[in-house]
Amino acid sequence: MPDDNGKYTYYPGCAAKGSSAAYEMSMLAVGEVLGMNFEEIDDWNCCGATEYFSINAIPAYSLVARNLALAEQMESDQLVASCSACFLNLNKTNKYMGKHPDLDQKVNRALAAGGLSYDGGLTVRHLLDVVVSDVDQELIAQKVTQPLSGLRVAPYYGCMVVRPDETFDNQEYPMTLDHLMATLGATVVDFPLKAHCCGGHMTQISEDVAFELIRRLLHNAAEYEADVIVTLCPMCQLNLDAYQNNVNRRFGTDYNLPVLYFTQLMGLAFGLDAKELGIGTEIVSANKALAKIGQVEEAPRKKPARRDKKALPMPGEM
Amino acid sequence: MPANVNGTSFYRQVVEATPDGEKLATCLQCGTCGGSCPSGDDMQHTPRLLFAMIDAGMREQVLRSNTPWYCVSCYYCTVRCPQEIPITDLMYTLKRMAVAEGLYEERDAADWSTSFIGYVEQYGRSFEFGLATRYHLSHKPLGATIGKSTMGLQMMQKGRLSMTPERIENMDQLTAILNAAKQIAAQEV
Amino acid sequence: MAEEKVGVYICHCGHNIAGTVDVEAVAEWAKDLPNVEVSTDYKFMCSSLGQELVEEDIREKGLTRVVVAACSPHMHEPTFRKACERAGLNPYLFEMANIREHASWVHADDPDAATEKTKAIVAGAVSRVVHHEPLDTLVVPVNEKTMVVGGGIAGINTALEIANAGYPVVLVEREPSIGGHMAQFDKTFPTLDCSACILTPKMFDVGNHPNIELMTYSEVENVEGYVGNFTVTIRQKARKINIEDCTGCGDCWERCPKKVVDTDYEAGLGYRTAVYRPFPQAVPKYPVIDVETCIYYDTGKCRACEKFCPTGAINFEQEDEVVMTKVGNIVLATGYDLFDCRRIPQYGFGRLANVFSSLEFERMTNASGPTGGKIVLRDGVTEPESVAIIHCVGSRDKNYNEYCSGICCMAALKFAHLIHEKTNAEVYNCYIDMRSAFKDYEEFYNRLMEEGTHFIRGRVAEVTDAARMPGEEGKLIVQVEDTLIGKQRRVPVDMVILMAAMEPRWDSVEVSHQFGIGCSAAGFFTEKHPKLDPIATMSDGVFIAGVAQGPKDIPLTVGQGAAAAARVLTLITTGEVEMEPVRATIDEARCSGCRICNNLCPYGAIDFLEEEAVSRVNPALCKGCGTCVAACPSQIITGAHFSYEQIMAEIEGVLWDMGNGQLVPDAQPVTESA
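Chains X, E and Z, in that order, are what the protein sequence lines are.
Okay, so the first sequence: first residue is 1 according to my numbering, each after it adds one.
Okay, so the second sequence: first residue is 319 according to my numbering, each after it adds one.
Okay, so the third sequence: first residue is 508 according to my numbering, each after it adds one.
Treat the hints as calculated values from the structure; they're not laboratory data.
Treat the numbers as computed from the prediction; the structure is a model and nothing was measured.
Take the hints with a grain of salt, since some may be wrong.
[Said to hold, decoys possible] DSBU-like, lysine-lysine: derived pairs with alpha carbons at most 35 Å apart:
| # | chain 1 | residue 1 | chain 2 | residue 2 |
| --- | --- | --- | --- | --- |
| 1 | Z | LYS833 | Z | LYS792 |
| 2 | X | LYS309 | Z | LYS766 |
| 3 | E | LYS466 | X | LYS17 |
| 4 | Z | LYS765 | Z | LYS905 |
| 5 | Z | LYS744 | Z | LYS833 |
| 6 | E | LYS500 | X | LYS92 |
| 7 | Z | LYS709 | Z | LYS946 |
| 8 | E | LYS500 | X | LYS143 |
| 9 | Z | LYS1130 | Z | LYS589 |
| 10 | X | LYS310 | Z | LYS765 |
| 11 | Z | LYS905 | X | LYS95 |
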């Protein structure tokens, strides 16, 4: 639970200042509307992504722990990261230090060399978590002045926000982002690969693997006729957006699926200016998709089909 | 107890370097990890097979395998493992061991990680532009680099890719911490 | 007190004790202990000669107390107590000193210390035993009526065995009909007998047995009492049908307009009406009205059943009946619930239409099931061309249930066979290990291999409809590592069957508390001893049988049902039960009525008498644990056979060589009593 005035300590991560600036922009804009205060850690450093742990463990933990130590000195004990990889690293380091005294000792010895220490007082959370768990969803509904009706949104979670720790959503079939999008008035496209991996850094290591993973996701979202894919991780956004043309070229496909951050869609629904939300910085343009908002008539509510006499009931059917 | 090819120390080394690593002893060889892995098709050995090889003491083959380098850290294996074995973390351990002993054959992945770290240790932040350029020019065929560079240009046009690195203020502090950490790590071996 | 004459016998126990402890020296030394009349050592005290030694001494030397220093009370206290009794000495004037487990075995590396310790133990026993009081065992009669809870194959068997022996049984079953899960199955492995065909004759016997009182649609609400003397309260839920008038003709359910999904008998795969009979062979044959779904209870309209009933048996106002009865023994055979496969989202159960649970598939292949025995997809029409059967769903998995559910491998093979028999489909069994341990099971596995089943050794990672390559469109793809070839495979199939684990009933913990027995962490009832006594529980008079005790197949279940019956019959035919007199007594004259002891008693053995405003221990329920004795702030509860004097005397005896808090070598034992 956040502090009384909705204050959070904010860890941006390297992408937030560069390739995913739109994420931070829209997050701050939306945060203002909802009364959420994000206080950025002063002089934070890179979390090491999935790279440092592949080379040397103690320095990898220490790299992350410097941020934890700096965050501990700030007001709120809720440390929020918007990037899933940053979230995973901060959370993992926090947990392991708490669980393994041996590791805690070693990391704190390293921190001491920089005049820092970390006592374990923080709770690390992902931005989506605080938006769906801490904020009254009624409040969000109230703030929606321009519902996203007519827009078919495919909520894409990626992997590190729900795995390996089960905190606020189901690890195999999460639904919180789906519900949030529904609150914004969008038509939610529940596509089965919503929590499958985008490939992360594999785009640099093996295009064969990476592009195939990206293709699967685009294919699935397109199959379900999504207009836009909504994400919560800069890496996922980059892979699905910036490499979409590469994927099209390699496989001879013609996907044209814009990929936006959930905070951008929230901002649009709240009636904020698209530019303030960083819309337009995406490689695959979202303009065409967003033009659909409010244009497409909502399909009339179909009467439930007469039960096919021969069909067997599904589990859980009443 | 693991079979003795190069001694039992390999298994214990892997297990001790991983938090909760001792759970590896309960591996049923069920294959859920191999079945879940998105990049499983491209790995030389499925994760399950790699664990059987570790148990058999096949140190060199395991550390030369490309398997851990193709791990995308999606954690499906870890979450689905019926014995709660920290599989992804074990993959990280194997990567570290492979690098430390110079046995890794999957050069690209390891070099990418090392390059990434190089920038972080210099600036305290990652520097995508520099990293991508340097890495691609030295590791990838020109054609692929050109393909990526189109994307790079597009990113720059949208203001998402800076050509200059950013350095944190207290770089000395970070350097001191990392150096101390490396020393502590070296003492462990 | 009057001079007691204590006989001390130090056992060699062959080499077990004598190999470490100098038993002759101890026997010699013990002669000088206060009140000791005779002290000797002997090779095997538990032998008939050893026992006779004790008996002779009692008779000829007029011993008033006996101490045997040997193995543990658990092993031979009853033996020596009986010996004393035969010689005319109250058996509770005997004390067992454990010098085997407590001295010889644990200090085998230090014989001197072991011998010294033995002396201390013996001194303690001698010092204590002079304070023992003669006690009488409590003998309680055993009510010859038995209550069996659960009308599945285990409970049915138990009930029939006891009833056939000539004793009355009340069989309480929660559902409207007996039969349990076995009534849902199609065929049983490995013989492929029709399940209903072998079960229904037994159900019929139960329904017609003069000695069995069948209470269906009933639940036990309360259990009081102790072995041989339970008072149970049973709620007979209202069927809303007057069974004296009902002929089971079926007009009511044929006319009922309200159809709902049958989540009980049809496992959610078929429908029933609001007034319904669970299945055609139900025992008893009467229907029941489901108040939750009946239109009348919702809106006051309809009443079609009432209109069409030829005998006017419908009674909407019928109320539950609460019945109290006395029984001597209770057998819990409450069976299991199936693991809910929706807990594993990556298998798609509940989301992907053609993923079925094992029970759903049983109903499907059953000739009297919703599809008339045809194997079809969820559309009710299409025959599958390929089926994947996934083993170990919700079992052998620390994320859900760590245990192996025992029968799913065999049931999976059975399904494979039925699919081969009824369709031309390719069948893929995806397993971790093939568990086919018992009679004719391995042969059955061989048969399935001969039938052309594809066996993939790998635990399925996910079932998905997201096609990735040609051939996968419109199919369910089973993604699994084929560990025997070391490669990930995607197997496109039409239908998936999940072999779900057997789990304890959803309320098994509550039920265990109600009956005063324990539950394992998983929720199965706890047996007295996992190897040698899987039938009894820690509560005398309460027995368990069937899957309620743990996953097992039908032969084992039937066997356990019969075993429970045999155990009950032992008690009934003996007619009475002896209870140890080791129990607490409250000095009511001095009890202030604070009631602190009431809730501390783990056996619920302390009652509070409202009028007298004092607490009283029920001697039959009391196990003599001593909790209340220790807790009473006024110290007015005494524990028979563990009184303050007895315990203090034992302590003083053990510390015989520590006069004034210092170790005094060659000291004389304490001569004054506490």
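Hints, verified against the model:
1. Z:LYS833 with Z:LYS792: Roughly 27 Å separates the two Cα atoms, so the pair holds.
2. X:LYS309 with Z:LYS766: Since the Cα atoms of LYS309 of chain X and LYS766 of chain Z sit roughly 12 Å apart, the hinted pair holds (cutoff 35 Å).
3. E:LYS466 with X:LYS17: 21 Å, holds
4. Z:LYS765 with Z:LYS905: 42 Å, violated
5. Z:LYS744 with Z:LYS833: 20 Å, holds
6. E:LYS500 with X:LYS92: 20 Å, holds
7. Z:LYS709 with Z:LYS946: With Cα atoms ~23 Å apart, LYS709 of chain Z and LYS946 of chain Z stay inside 35 Å; holds.
8. E:LYS500 with X:LYS143: 50 Å, violated
9. Z:LYS1130 with Z:LYS589: 21 Å, holds
10. X:LYS310 with Z:LYS765: It holds: about 17 Å lies between the C-alpha atoms, which stays within 35 Å.
11. Z:LYS905 with X:LYS95: Measuring from Cα to Cα gives roughly 21 Å; hence the hint holds.
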